[in-house]
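Chemist: Make the full structure from the sequences, and use the hints.
Sequential numbering from 927 applies to the sequence shown in my numbering.
Some hints here could point you the wrong way.
Claimed, not checked - Pairwise CB distance ranges, derived in the manner of DEER restraints:
| id | residue 1 | residue 2 | range |
| --- | --- | --- | --- |
| 1 | G1051 | R1091 | 20 to 28 angstroms |
| 2 | D1030 | H1089 | 28 to 36 angstroms |
| 3 | L954 | G1041 | 20 to 28 angstroms |
| 4 | H1089 | G1056 | 23 to 31 angstroms |
| 5 | L954 | D1000 | 31 to 39 angstroms |
Don't read these hints as lab results, they were simulated from the structure.
The model shown is predicted, which means the values in this text are computed figures rather than measured ones.
Even glycine gets a Cβ: it sits at the ideal position worked out from N, Cα and C.
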Amino acid sequence: MSSDLDFALSLADDADELALARFRARDLRVETKPDRTPVSEADRAVEERLRTRIAAERPGERVLGEEFGADEGDGDRWIVDPIDGTRNYTRGIPVWATLIALEDRVAVVSAPALGRRWWATRDGGAFCNGDPIRVSGIDRIEEATLLFALDRPVPARAFDAWHLRGFGDFWAHVLVAEGAAEIAVDAPGLKIWDSAAVAVIVTEAGGRFDGHISSNGVLHDEALELGS
927 MSSDLDFALS
937 LADDADELAL
947 ARFRARDLRV
957 ETKPDRTPVS
967 EADRAVEERL
977 RTRIAAERPG
987 ERVLGEEFGA
997 DEGDGDRWIV
1007 DPIDGTRNYT
1017 RGIPVWATLI
1027 ALEDRVAVVS
1037 APALGRRWWA
1047 TRDGGAFCNG
1057 DPIRVSGIDR
1067 IEEATLLFAL
1077 DRPVPARAFD
1087 AWHLRGFGDF
1097 WAHVLVAEGA
1107 AEIAVDAPGL
1117 KIWDSAAVAV
1127 IVTEAGGRFD
1137 GHISSNGVLH
1147 DEALELGS
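Modeler: What follows is the structure in structure tokens.
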């Protein structure tokens, strides 16, 4: 295991501890940002903790985070979404995760309320809770499971799939990486903190990731058509 991955996993440990401590808290403070998305005190606390540790333990490296923006400089960049799935988090739904990436080389997605953690390193494969994961080999839409973020109408072709479900955020993409689904179409316009970690994991599991769409690779042309 690389030192970069070791550090990323230890950051995820800190994030898990902070986020779980406030999950389902009755006095959780939640605000609405200018883009009309929610942010909780836990989002900010997690990102602040990770920034503090990176500054102290990895001097010269930068952070780009959802809540506090980008550091200046030209060092390696950590990309952080402190809580992906804040709406779920604030409503007590356990499908949320901290997303951590070091450029496009190392990625961790940690979902402590689900008891699941995924990670990957470039050319090192992808894992969930220590076990290797791999995309499926299904090559027909009619045999595939498709996952859609339901922010717009689902194309008619999607209903030809064997199974169609409305999953978004990190969850849809790691399910593709695990081989539980073949295509995930997230909301268009994902920010880099939404996509950096899941892109590495999907790719290292043998799949493909483009913008807001992931697939098992075999069905990628169909995925792009469905997500266009």
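Chemist: If a hint holds in the structure, say so; if it doesn't, say that too.
Modeler: Evaluation of the provided hints:
{"no.": "1", "hint": "G1051 with R1091: 20 to 28 angstroms", "verdict": "holds, 26 angstroms"}
{"no.": "2", "hint": "D1030 with H1089: 28 to 36 angstroms", "verdict": "holds, 31 angstroms"}
{"no.": "3", "hint": "L954 with G1041: 20 to 28 angstroms", "verdict": "holds, 21 angstroms"}
{"no.": "4", "hint": "H1089 with G1056: 23 to 31 angstroms", "verdict": "holds, 28 angstroms"}
{"no.": "5", "hint": "L954 with D1000: 31 to 39 angstroms", "verdict": "holds, 37 angstroms"}
Violated hints are absent here; each numbered hint is respected by the structure.
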